[in-house]
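Undergrad: Each chain is listed here by its residues.
2 protein chains.
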Amino acid sequence: MSDTFAIVIHGGAGTISADTMTPEKHKAYTEGLKAALDAGYTILAKGGTSLDAVQAAVTSLEDCPLFNAGKGAVFNNKGQHEMDAAIMNGKDKTAGAVCGISRAKNPVAVARAVMEHTEHVLLAGEGANQFAEAQGLPLEDDAYFYNEFRYRQWQEALQEDKVQLDHSEKKMGTVGAVALDQFGNLAASTSTGGMTNKKYGRVGDSPLIGAGTWADNNTCAISCTGHGELFIRSVVAYDIACLMSYGKESLHDACNEVVMQKLVAIGGEGGLIAIDKAGNIEMPFNSSGMYRAYRRNNGEEKIAIYK
Amino acid sequence: MSDTFAIVIHGGAGTISADTMTPEKHKAYTEGLKAALDAGYTILAKGGTSLDAVQAAVTSLEDCPLFNAGKGAVFNNKGQHEMDAAIMNGKDKTAGAVCGISRAKNPVAVARAVMEHTEHVLLAGEGANQFAEAQGLPLEDDAYFYNEFRYRQWQEALQEDKVQLDHSEKKMGTVGAVALDQFGNLAASTSTGGMTNKKYGRVGDSPLIGAGTWADNNTCAISCTGHGELFIRSVVAYDIACLMSYGKESLHDACNEVVMQKLVAIGGEGGLIAIDKAGNIEMPFNSSGMYRAYRRNNGEEKIAIYK
Chain H
-7 MSDTFAIVIH
3 GGAGTISADT
13 MTPEKHKAYT
23 EGLKAALDAG
33 YTILAKGGTS
43 LDAVQAAVTS
53 LEDCPLFNAG
63 KGAVFNNKGQ
73 HEMDAAIMNG
83 KDKTAGAVCG
93 ISRAKNPVAV
103 ARAVMEHTEH
113 VLLAGEGANQ
123 FAEAQGLPLE
133 DDAYFYNEFR
143 YRQWQEALQE
153 DKVQLDHSEK
163 KMGTVGAVAL
173 DQFGNLAAST
183 STGGMTNKKY
193 GRVGDSPLIG
203 AGTWADNNTC
213 AISCTGHGEL
223 FIRSVVAYDI
233 ACLMSYGKES
243 LHDACNEVVM
253 QKLVAIGGEG
263 GLIAIDKAGN
273 IEMPFNSSGM
283 YRAYRRNNGE
293 EKIAIYK
Chain U
-7 MSDTFAIVIH
3 GGAGTISADT
13 MTPEKHKAYT
23 EGLKAALDAG
33 YTILAKGGTS
43 LDAVQAAVTS
53 LEDCPLFNAG
63 KGAVFNNKGQ
73 HEMDAAIMNG
83 KDKTAGAVCG
93 ISRAKNPVAV
103 ARAVMEHTEH
113 VLLAGEGANQ
123 FAEAQGLPLE
133 DDAYFYNEFR
143 YRQWQEALQE
153 DKVQLDHSEK
163 KMGTVGAVAL
173 DQFGNLAAST
183 STGGMTNKKY
193 GRVGDSPLIG
203 AGTWADNNTC
213 AISCTGHGEL
223 FIRSVVAYDI
233 ACLMSYGKES
243 LHDACNEVVM
253 QKLVAIGGEG
263 GLIAIDKAGN
273 IEMPFNSSGM
283 YRAYRRNNGE
293 EKIAIYK
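Taken in sequence, the protein lines are chains H and U.
Residue numbers are given in the numbering used here: position 220 of the first sequence equals residue 212, and the series is strictly consecutive.
Residue numbers are given in the numbering used here: position 156 of the second sequence equals residue 148, and the series is strictly consecutive.
Be a bit skeptical, because a hint or two may be false.
Chain copies aren't distinguished; within one or between two, either way the pair holds.
As the list claims (entries may be wrong) - In silico lysine to aspartate or glutamate, EDC-like type, Cα no more than 20 Å apart, as pairs:
#	residue 1	residue 2
1	191	111
2	70	118
3	299	118
4	85	249
5	85	108
6	191	118
7	19	152
8	254	30
9	294	30
10	19	111
11	191	108
12	26	55
13	269	44
14	269	84
15	19	132
16	254	84
17	83	132
18	17	-5
19	269	245
20	299	55
21	19	293
22	269	148
23	70	148
Calculated directly from the structure, the hints in this document are not laboratory data.
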């Protein structure tokens, strides 16, 4: 048993500035983060698992249209939604993930089903949709995913013929959660709609085990958000775990080295959330903002957006 | 400049036994490996790059119907071919990959184009096919990929309603190459047709940077073959790099620890090929066999199948 338990969440990192944030938007984002925190923390407080907690938190963020995942997923180049998600259990390092899924209401639920009901880790594209359907998981049509803000965002990107990480403010749109439960087990989950106007079935780091998502009781649980390609090439999440296990670094030092030094050196904008088995929490980011929050069983809570 | 250069290739690992291997089959596999070795080594000997060499070797293996990649790719549950490939340049850690691609003659060429002609690392499914077409890369129809042996293999798996890693002998069908060139640069590439009778767009470790494929001049170049799911969850290729960089282990010790200890402990059958910047070569596997070969500029050459 662990005498500390906690959940940490993020709703994406990027060029988020207080100048362009209205009080109404600030309140809405804060409420969205708080709802996800509540969803995950409630499970931990009742003696539930970190795995269930991260799934509940990510589900809440997927259901909130403000964040680029699930209902709020951005449009791709064809005006469709292609989403990626992953979940990993630090207790036994089992994992499930989907990429390029387009009809699932909650991609994280499909990732969980991949982990628990198949021998596989990663399912892609139309196959992932068919798996979600075969599992009887909730599917939605285009109307559910339609959002006027996202549509305008796509139309602008389409005219400029460029991909956008998210929003006009270059926000990396991803959501994620990591948690430590009362049993001392870690878990991590990440979900995203990817880049606005993305072409050719582009997949980022979110659904890739070791890149955007990682959980191992021996080291840490990590969920990343940022410029996916650079996060993939840096194997960000597993790099932090290795700096801890082989390099004997603390969670703090490992996160700092990867996010504030290694990623900065290659222009890899973004951040991550992390927790270790002692309950240490890190939320480093090298962009101007990251939607983030955590709550511990000692009552400590933080919800923040800017530096 | 490096005073040593070399290429290492594999054609998959698994339960390959001398008992079921006819002299004709043995000769054919050996010739297939030798042709790939020649294709890659010729480039290195002429002063070409390790990147071009690994692509040439993998292309040769993709074009050979004996190996589960490209022309020899296995059938999925719907009687189609869904292939995965990756390539990585150790000089600058740029990378390109595709998963679930079905029409490209040489998936490795598409992966190389992703690396060089997009800002992305990984393209999935139909989007990857459209990218290959837009790049003017050779596409093939079902007839090209048809192979009576593979078809019977699929029919058997279909009747038994199971997926197979490859062949009835449970061979992990993947091809790959790693190389060190005269400039001291490392590169790696992996390509596969995945599992016979696979469903739902299953993706293994081959196209995932850090899992099945990795190259970094500071540590090593790796290409894996084996039970993909367990290789993903172990982030096999990057784990070896981290054991070298943070754990100060030699290439030999790192490969041995991961393949013969860590993977064995979780039932992760398979192997890998590896090379470091000093030209040290490792080809460990924990299965009964692995199609493998290497050649160095000092004339040293080895082509082997069993332990």
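Undergrad: Work down the list of hints and note, for each, if the structure agrees.
TA: Hint check results:
{"no.": "1", "hint": "191 <-> 111", "verdict": "between (30 Å within a copy, 11 Å between copies)"}
{"no.": "2", "hint": "70 <-> 118", "verdict": "both (15 Å within a copy, 13 Å between copies)"}
{"no.": "3", "hint": "299 <-> 118", "verdict": "neither (39 Å within a copy, 40 Å between copies)"}
{"no.": "4", "hint": "85 <-> 249", "verdict": "between (24 Å within a copy, 18 Å between copies)"}
{"no.": "5", "hint": "85 <-> 108", "verdict": "within (12 Å within a copy, 34 Å between copies)"}
{"no.": "6", "hint": "191 <-> 118", "verdict": "both (16 Å within a copy, 11 Å between copies)"}
{"no.": "7", "hint": "19 <-> 152", "verdict": "neither (31 Å within a copy, 56 Å between copies)"}
{"no.": "8", "hint": "254 <-> 30", "verdict": "neither (33 Å within a copy, 38 Å between copies)"}
{"no.": "9", "hint": "294 <-> 30", "verdict": "within (12 Å within a copy, 60 Å between copies)"}
{"no.": "10", "hint": "19 <-> 111", "verdict": "neither (42 Å within a copy, 35 Å between copies)"}
{"no.": "11", "hint": "191 <-> 108", "verdict": "between (31 Å within a copy, 16 Å between copies)"}
{"no.": "12", "hint": "26 <-> 55", "verdict": "within (13 Å within a copy, 55 Å between copies)"}
{"no.": "13", "hint": "269 <-> 44", "verdict": "within (17 Å within a copy, 44 Å between copies)"}
{"no.": "14", "hint": "269 <-> 84", "verdict": "within (14 Å within a copy, 34 Å between copies)"}
{"no.": "15", "hint": "19 <-> 132", "verdict": "neither (28 Å within a copy, 54 Å between copies)"}
{"no.": "16", "hint": "254 <-> 84", "verdict": "between (29 Å within a copy, 13 Å between copies)"}
{"no.": "17", "hint": "83 <-> 132", "verdict": "neither (32 Å within a copy, 44 Å between copies)"}
{"no.": "18", "hint": "17 <-> -5", "verdict": "neither (37 Å within a copy, 61 Å between copies)"}
{"no.": "19", "hint": "269 <-> 245", "verdict": "within (16 Å within a copy, 29 Å between copies)"}
{"no.": "20", "hint": "299 <-> 55", "verdict": "neither (26 Å within a copy, 53 Å between copies)"}
{"no.": "21", "hint": "19 <-> 293", "verdict": "within (17 Å within a copy, 67 Å between copies)"}
{"no.": "22", "hint": "269 <-> 148", "verdict": "neither (44 Å within a copy, 47 Å between copies)"}
{"no.": "23", "hint": "70 <-> 148", "verdict": "within (13 Å within a copy, 39 Å between copies)"}
Checked against the numbered hints above, the structure breaks hints 3, 7, 8, 10, 15, 17, 18, 20, 22 and satisfies the rest.
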